[in-house]
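K.L.:
Sequence:
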Amino acid sequence: MSLDPLTVAAWVLAALAVILAWPAPVLLSRAQWPRRSPASAMILWQAIGLAGGLSMIGAMLTWGLAPLGSNIFSASHRLIDIVFFNAPIGGLRFWHAFALSAAGLLGAHLLFTLLLTYVRIQRQRGRHRELLLLLSSPSAEQPGTVVINHRMPVAYCLPGGARSVTVLSDGLLELLKPEELRAVLTHENTHLTQRHHLLLWAFAAWKSALPWLPTSKLAQRSVNELIEMLADDAALTVVSEPVLVRSIALVASGSLEGSSHAVPLEGFDTEATTASRIQRLINPEPPLSTPLQALVLAASVLLLAAPTALLVLPALG
Numbered sequence: 001m002s003l004d005p006l007t008v009a010a011w012v013l014a015a016l017a018v019i020l021a022w023p024a025p026v027l028l029s030r031a032q033w034p035r036r037s038p039a040s041a042m043i044l045w046q047a048i049g050l051a052g053g054l055s056m057i058g059a060m061l062t063w064g065l066a067p068l069g070s071n072i073f074s075a076s077h078r079l080i081d082i083v084f085f086n087a088p089i090g091g092l093r094f095w096h097a098f099a100l101s102a103a104g105l106l107g108a109h110l111l112f113t114l115l116l117t118y119v120r121i122q123r124q125r126g127r128h129r130e131l132l133l134l135l136s137s138p139s140a141e142q143p144g145t146v147v148i149n150h151r152m153p154v155a156y157c158l159p160g161g162a163r164s165v166t167v168l169s170d171g172l173l174e175l176l177k178p179e180e181l182r183a184v185l186t187h188e189n190t191h192l193t194q195r196h197h198l199l200l201w202a203f204a205a206w207k208s209a210l211p212w213l214p215t216s217k218l219a220q221r222s223v224n225e226l227i228e229m230l231a232d233d234a235a236l237t238v239v240s241e242p243v244l245v246r247s248i249a250l251v252a253s254g255s256l257e258g259s260s261h262a263v264p265l266e267g268f269d270t271e272a273t274t275a276s277r278i279q280r281l282i283n284p285e286p287p288l289s290t291p292l293q294a295l296v297l298a299a300s301v302l303l304l305a306a307p308t309a310l311l312v313l314p315a316l317g
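For the record, in the sequence shown the residue sitting at position 57 is 57 according to the UniProt record's numbering, with numbers rising by one throughout.
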């Protein structure tokens, strides 16, 4: 007995969703090559997240629509007739209706969580910015930088468009030499200019939407480590590796004793992340070759194209 195109697409999408929800993130998080080319790895992580969500929703959607037509467009049109114009339900059964409801609920849940996470982060930033207005003073030497009266070494950035600032503590300024301060400022400004907070927002929303999925937390931790490495690479363009290592160690000394570092509210810089960053700088490895980076980019594009094609191609048959 031959299966209809939508049923085949549903099974393939379900298999792809399982792969992207578990083995793919685990393997990528354990791989060593991302620290050699963090930008390429970041693109791949985004592709896994987007393709995984689309595959989960697409699998349920195509399974639910399978009895209603040979492709997603004609089946959707018939579903509209059933819901709004009392057309005959034909081969639509309970499990098909359940799959359609689950697809709609999951899609709405992901979008709502993304919006809710954005609102929560904006409120936290707003409260944080109000505190900074009271507890900090603008830096006379560095534009876009404020200084707080704190004995521990603290450095982080607070995104906010034109109101974005880099925050340093008195304690850190007393410890840093001019070159080390330059490294810290370049690192934190890179978080702002490359808009790393948007990446953290997306993966924080993924973790909030699917907390039962262990790899959502794994992905958030890996992405945070990668953005730190991207900022380190930017700092290496203005200072030497030993200078950057010293600056990381000094800032981390404050983080380990309870101070914030990196991008507050959305990100986190653990001992493991700091150790990985320093190890990467002490024992540098060459970046991935151009062909390998192209291969990673091609894999990312294919991951995004696969679920889209499985949804659209049956309509062309």
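Rather than coming from a laboratory, the hints here were simulated on the basis of the structure. Be aware that one or more of the hints could be misleading.
[Claimed, not checked] The calculated label-pair distances, taken between Cβ atoms and stated as ranges, are:
{"#": "1", "residue 1": "Q194", "residue 2": "L173", "range": "21 to 29 Å"}
{"#": "2", "residue 1": "A249", "residue 2": "Q293", "range": "29 to 37 Å"}
{"#": "3", "residue 1": "E271", "residue 2": "D81", "range": "36 to 44 Å"}
{"#": "4", "residue 1": "Q279", "residue 2": "S76", "range": "46 to 54 Å"}
{"#": "5", "residue 1": "L132", "residue 2": "F112", "range": "48 to 56 Å"}
[Claimed, not checked] Below, computed lysine to any residue pairings styled on SDA-like, alpha-carbon distance capped at 25 Å:
{"#": "6", "residue 1": "K217", "residue 2": "K177"}
{"#": "7", "residue 1": "K217", "residue 2": "A15"}
{"#": "8", "residue 1": "K217", "residue 2": "R125"}
{"#": "9", "residue 1": "K177", "residue 2": "R125"}
{"#": "10", "residue 1": "K217", "residue 2": "L313"}
{"#": "11", "residue 1": "K207", "residue 2": "I80"}
{"#": "12", "residue 1": "K217", "residue 2": "V146"}
{"#": "13", "residue 1": "K217", "residue 2": "L28"}
{"#": "14", "residue 1": "K207", "residue 2": "V239"}
{"#": "15", "residue 1": "K217", "residue 2": "F85"}
{"#": "16", "residue 1": "K217", "residue 2": "A21"}
{"#": "17", "residue 1": "K217", "residue 2": "R280"}
{"#": "18", "residue 1": "K207", "residue 2": "L50"}
{"#": "19", "residue 1": "K207", "residue 2": "V312"}
{"#": "20", "residue 1": "K207", "residue 2": "I19"}
{"#": "21", "residue 1": "K207", "residue 2": "V301"}
{"#": "22", "residue 1": "K217", "residue 2": "I82"}
{"#": "23", "residue 1": "K207", "residue 2": "G69"}
Being a predicted model, the structure only gives us computed values, none of them experimental. Ideal Cβ positions, reconstructed from N, Cα and C, are used throughout, including at glycine.
K.L.:
Failing hints, ascending?
P.N.:
3, 5, 6, 9, 10, 11, 12, 14, 15, 19, 22 and 23
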